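Asks: The residues making up each chain are set out below.
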Amino acid sequence: MLTLILRRLMAGVVMILFVLSFNFFLFRVVESDPVGSLYRGRNISAEQRERIQERYGLNGSKPEQFVKYVREMARGNFGYSYANNRPVSTLIREKLWPTLWLVGISTLLSTLLGTIIGIWSAWHRGSWRDYLGTGTTMLLYAMPDFWLAMIVLVWFGREMGWFPLGGLEDPSSDAVGLTKLLENIHHLVLPGLVLTLSYLGEYALVMRSSLIEVMGEDYLTVARAKGLRDKFVRSRHAVRNAMLPVITLITLNFGFVLGGAIAVESIFSIPGLGNATLAASKGPDLPMLQALFLLFSVSVIVMNIVAEILYMYFDPRVRTR
Amino acid sequence: MTATTSPPTERLASRRIAWIRRRRALADLWRRFRRDRPGLFGLVVLTLIVFMAVAAPLIADPARFDLLAVRDIEEWQSPNSSHWFGTDDNGRDVFAMFVHGSRVSLLVGLTAAAIAIVIGSLFGLTSGYTAGSWLDRVLNRVTEWFLVIPFLPLAIVLVSVLDEPTLFGLIKPGLGVIVFVIGITSWPGTARVIRAQVMSVKERLYVDRARALGANDRHVITRHILPNVTGLIVANATLTVPITILTESTLSFLGLGDPTRQSWGRILNEAKQAGAITRNAWWYYLPAGIGILLVVLAFTLIGQALETILNPKLRERES
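Residue numbers (this note's numbering), protein chains in the order written: chain A, 1 to 321; chain B, 1001 to 1319.
These aren't lab readings, by the way, just hints derived from the structure by calculation. All values derive from a computational prediction rather than experimental measurement. Just so you know, not all the hints are guaranteed correct.
To be verified - Covered stretches of chain A (in silico footprint by chain B; criterion: 3 or more residues with CB under 8 Å from a CB of chain B, positions within the stretch not fixed):
{"#": "1", "segment": "10-19"}
{"#": "2", "segment": "177-190"}
Unchecked claim - Quick list of simulated restraints, FRET-style, between CB atoms:
{"#": "3", "chain 1": "B", "residue 1": "1132", "chain 2": "A", "residue 2": "17", "range": "20 to 26 Å"}
{"#": "4", "chain 1": "A", "residue 1": "159", "chain 2": "B", "residue 2": "1048", "range": "28 to 34 Å"}
{"#": "5", "chain 1": "A", "residue 1": "76", "chain 2": "B", "residue 2": "1217", "range": "55 to 61 Å"}
{"#": "6", "chain 1": "A", "residue 1": "159", "chain 2": "B", "residue 2": "1227", "range": "37 to 43 Å"}
{"#": "7", "chain 1": "B", "residue 1": "1280", "chain 2": "A", "residue 2": "46", "range": "17 to 23 Å"}
{"#": "8", "chain 1": "A", "residue 1": "93", "chain 2": "B", "residue 2": "1135", "range": "50 to 56 Å"}
{"#": "9", "chain 1": "B", "residue 1": "1027", "chain 2": "A", "residue 2": "217", "range": "30 to 36 Å"}
{"#": "10", "chain 1": "B", "residue 1": "1089", "chain 2": "A", "residue 2": "51", "range": "27 to 33 Å"}
{"#": "11", "chain 1": "A", "residue 1": "104", "chain 2": "B", "residue 2": "1061", "range": "35 to 41 Å"}
{"#": "12", "chain 1": "A", "residue 1": "127", "chain 2": "B", "residue 2": "1107", "range": "20 to 26 Å"}
{"#": "13", "chain 1": "A", "residue 1": "217", "chain 2": "B", "residue 2": "1212", "range": "35 to 41 Å"}
Idealized CB from N, CA, C, for every residue including glycine.
Make a model of the complete structure from these sequences and hints.
Replies: In structure tokens, the structure reads:
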């Protein structure tokens, strides 16, 4: 099992290298002369131009640039943002937390609620409960998240006035410590609700179909024939096995947490990574985009490996193969 | 073709038998589909929306949302008999925008899904058929990269960067770029599913039999593998459309759509810009969202129905 894990880790490292080189070519190919487009229409001397190129790692031939790029990335140096000349790593660190809190908590809540609804619908398959559960989750799944965000914003933000309309804190607020934390939470309730509802559908649908599949298995009939109570059979035998595909889905989606909420972040003006991506794409602010893409991809790769290790832990069939 | 020794008349007969079988399979598909109530509901909804998109100019006059033509019309009217869905901040008719917006959503959704399905099927077929070879490994790496890259950010970047004709002028800014970008970011799931199916079909006994009788790769692929994955491709295509439609509306909502055409995502973007949220002009932002929701729901329901019918594994469960 250890060798299996090691092999997965190696594959992950190769994948990250692949992502690195792909990102390099993607962004150099789409923008052949960044300095030119950066100083569009302005007169700059050849000397100035050279200095700018040096600063952003754009001097030398493409292969030279590539070697330099990989070296700097490995050192954790992501360069300077074109937009405001600050180090990209600092910028990203600032934007990371709002997104991590918002999307992380919504993902947790939606997996929890989603699996419960999925189990409930599967267990009452064909009854009105199933139609209610599956109908609701289908609707949530088909709903564009930004539209749901608009509706929620109108009703709970504007009409009822229960929650603020956007941002992380009140513009005039000078709160610190616990009050500040409460204020932030107050601001994150609505976007969190929207994300939870729009992620929930997928989990519920997958959980339902997985459980229905498991419920046809012989060992459940055996368990019932042994005289075990329905409730016990459900929680100890059926749900445990049906959880496997859902666990994969959850871990994989956790990888997409960082880059997943662009539209919702933009509606609620959350100063997170999604809004940063949107802003950087307008420039385009290549160093920022490159770093964001690397961050997004690496988090997916890491969660992929976690998913496989979890799978080995939960499913003996994978371990022994 | 291997068995070319048979005289032409017999070949014609065998072809006709094949057609009869196909027609029978289609009739069988319809018979099963008809029993799937959610799928049927999806089909009805989709038919209505497609009808609306095709007949858009007959249903609503495009001049009703032409900024120059609506200068004298009162803005922010709530729904009434002459403006069924009210008017916006410029006096444009929301109903006319809604009807015409359906065209872009469907057009982009369908063509992008077609591109995704073609790329995904080619990747899946090739890597499944050559499983274990270097080609398979390279294709797998590329698929994995596309699975790992966050595709909405990628789409956003590509759309905002591709502001000049690219790929030898084939892809022009506007709808072309959007279709292209959504297409090339939505295929990896399909490639995965098809690869797995091809690998399992390839090992079946009748393929061995065909090979023993002297069949070449082309024969095996066209006569045995393709027919066995077609159902899966069709079901997958139907399930890809909801994703492409949602992506299109998200891009348009973020202001990255084609600025010359009305689409549901763009209506929502403009509604937000115009302050429909602060005014609570529900007639402005509700219809477009419901439109997207219904199309996505319809395709998902149809796709799930087709999947249960066409995927042999799921069909066994059904009985």
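Asks: Now tell me, hint by hint, if it's right for this structure.
Replies: Going through the hints against the structure:
Look at the segment 10-19 of chain A against chain B: 3 of its residues bring a Cβ nearer than 8 Å to a Cβ of that chain, three or more, so the hint holds. Given as covered by chain B, the segment 177-190 of chain A fails the check, having 0 residues with a CB less than 8 Å from a CB of that chain where 3 are the minimum. Restraint check, residue 1132(B) to residue 17(A): a C-beta distance of roughly 23 Å satisfies the suggested window 20 to 26 Å. Residue 159(A) and residue 1048(B) have their C-beta atoms about 32 Å apart, which keeps the hinted 28 to 34 Å range intact.
At about 49 Å, the CB distance of residue 76(A) to residue 1217(B) disagrees with the hint of 55 to 61 Å. For the pair residue 159(A) and residue 1227(B), the supplied restraint of 37 to 43 Å is violated, since their beta-carbon distance comes to about 57 Å. A hinted range of 17 to 23 Å is violated for the C-beta pair residue 1280(B) and residue 46(A), which are about 57 Å apart. For the hinted restraint 50 to 56 Å between residue 93(A) and residue 1135(B), the CB-CB distance of approximately 42 Å leaves it violated.
For residue 1027(B) and residue 217(A), the Cβ-Cβ distance of about 34 Å falls inside the hinted range of 30 to 36 Å, so the restraint holds. As the Cβ distance of residue 1089(B) to residue 51(A) is approximately 47 Å, the hint placing it in 27 to 33 Å is violated. A C-beta distance of roughly 49 Å is found between residue 104(A) and residue 1061(B), which places it outside the suggested range of 35 to 41 Å. Distance hint check for residue 127(A) and residue 1107(B): the Cβ-Cβ separation is about 40 Å, which falls outside the suggested range of 20 to 26 Å.
About 37 Å separates the C-beta atoms of residue 217(A) and residue 1212(B), a value consistent with the hinted range of 35 to 41 Å.
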